[in-house]
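Line by line, the protein sequences give chains A and B.
Just so you know, we're using this note's numbering here: the first sequence kicks off at 3 and counts up by one.
Just so you know, we're using this note's numbering here: the second sequence kicks off at 874 and counts up by one.
What the hints contain is simulated information worked out from the structure, not anything from laboratory work.
Careful: at least some of the hints might be erroneous.
[Unchecked claim] Here chain B is said to cover these stretches of chain A; the calculated rule only asks that three of the stretch's residues, wherever they fall, bring their Cβ under 8 Å from a Cβ of chain B:
{"#": "1", "region": "18–24"}
{"#": "2", "region": "47–55"}
{"#": "3", "region": "80–89"}
{"#": "4", "region": "99–112"}
This structure is a prediction, so every number in the text was calculated from the model and none was measured.
Even for Gly, the Cβ is constructed at its ideal location relative to N, Cα and C.
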Amino acid sequence: MKYLNYFKMTIPALSRNESFARTAVSAFVSQLDPLVSQLSDIRASVSEAVTNCIVHAYDGKDEAGKITITAKINEDTAYIRIKDNGCGIEDIKQAMEPLFTTKPEEERTGLGFAVMESCADKVKVSSGKNKGTTVSLTFKIVKKEVL
Amino acid sequence: MNVTFTRTDELLSARLYGEIDHHTARDMRMLIDSEIEGTLPKSLILDFSGVQFMDSSGIGLILGRKRLVEALGGGLYIKNTKPHIRKIISLAGLDNLIISERSK
Chain A
3 MKYLNYFKMT IPALSRNESF ARTAVSAFVS QLDPLVSQLS DIRASVSEAV TNCIVHAYDG
63 KDEAGKITIT AKINEDTAYI RIKDNGCGIE DIKQAMEPLF TTKPEEERTG LGFAVMESCA
123 DKVKVSSGKN KGTTVSLTFK IVKKEVL
Chain B
874 MNVTFTRTDE LLSARLYGEI DHHTARDMRM LIDSEIEGTL PKSLILDFSG VQFMDSSGIG
934 LILGRKRLVE ALGGGLYIKN TKPHIRKIIS LAGLDNLIIS ERSK
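Okay, chain B solo, but in the shape it has when bound:
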């Protein structure tokens, strides 16, 4: 399983694992969307602590989920990004979504 979920009240946390590229993003997208649609969270947190690699496909994954939770009246946040993942996120101008610099 490359995504695991924890839910507390209206907060859904999706912990991503492995490498995010065009190949793996498709499965992650389906898993996360089905969880969002099933639980209708107020906030979605994408936890990158288990992610070893990400290219711009990860940006597509983030933006697509952001659009979905915002359409439901919620917000998306990112945490636990390693430096090379943060570099890609910064390049896309999404630093403002990062809520924690802690990396396990």
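In isolation and in its complexed conformation, chain A is listed as follows:
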């Protein structure tokens, strides 16, 4: 498929980059003029996926851990991919169950994937133990009404 535009960036898995990552992706997708509410959905989804990399994939420890974010757009769709090389997820189905979390003591709610699924049109997770995790999010762009 030929895309209208794309970008790729790699950032260290630091919590201060959660804000940067969602803002960068949102700024990139803005060129398609999506509804403000959809940009909020994109920001929330990217934030959840990146936070998962920091909290789970690298367990909040490995500051050398890297997160690679790719975004591609065509006229009416945004494809966003968030990839880490961390510990991976053994049981993806369980990880995606609302309220399932391995870190309740850190006030993690187990709602990250639920937020992604309620915001994005499609969420795909590829992972395996010690194989890293890739989260692919698809958004069918709802354009701002032309006044």
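Fit chain B to the supplied structure of chain A, relying on the hints for placement.
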């Protein structure tokens, strides 16, 4: 300062500012907990009028404070949530905590 407090009688109101994510929630949590422990309020109101963004880390922040004030015999309420923040709150089934739909 990303949280400011006002207190009247037994009501503590915490106004949150900026963006709530895993990174910022930690500081907010410490500030609010220390205020709760210092003032032992009957009710805690989290005022979201200054919050521009929130992900599920905000739900953790709400639930953790709810547990704390309830353990002290009080209750937690939420007000002034923007639509995209309300969406996350609804997803967590916490709509019943929202006491005002007014958004400045």
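Status of the hints after comparison with the structure:
{"no.": "1", "hint": "18–24", "result": "holds (count 4)"}
{"no.": "2", "hint": "47–55", "result": "holds (count 3)"}
{"no.": "3", "hint": "80–89", "result": "violated (count 0)"}
{"no.": "4", "hint": "99–112", "result": "holds (count 4)"}
Hint compliance for this structure: hint 3 is the single one not met.
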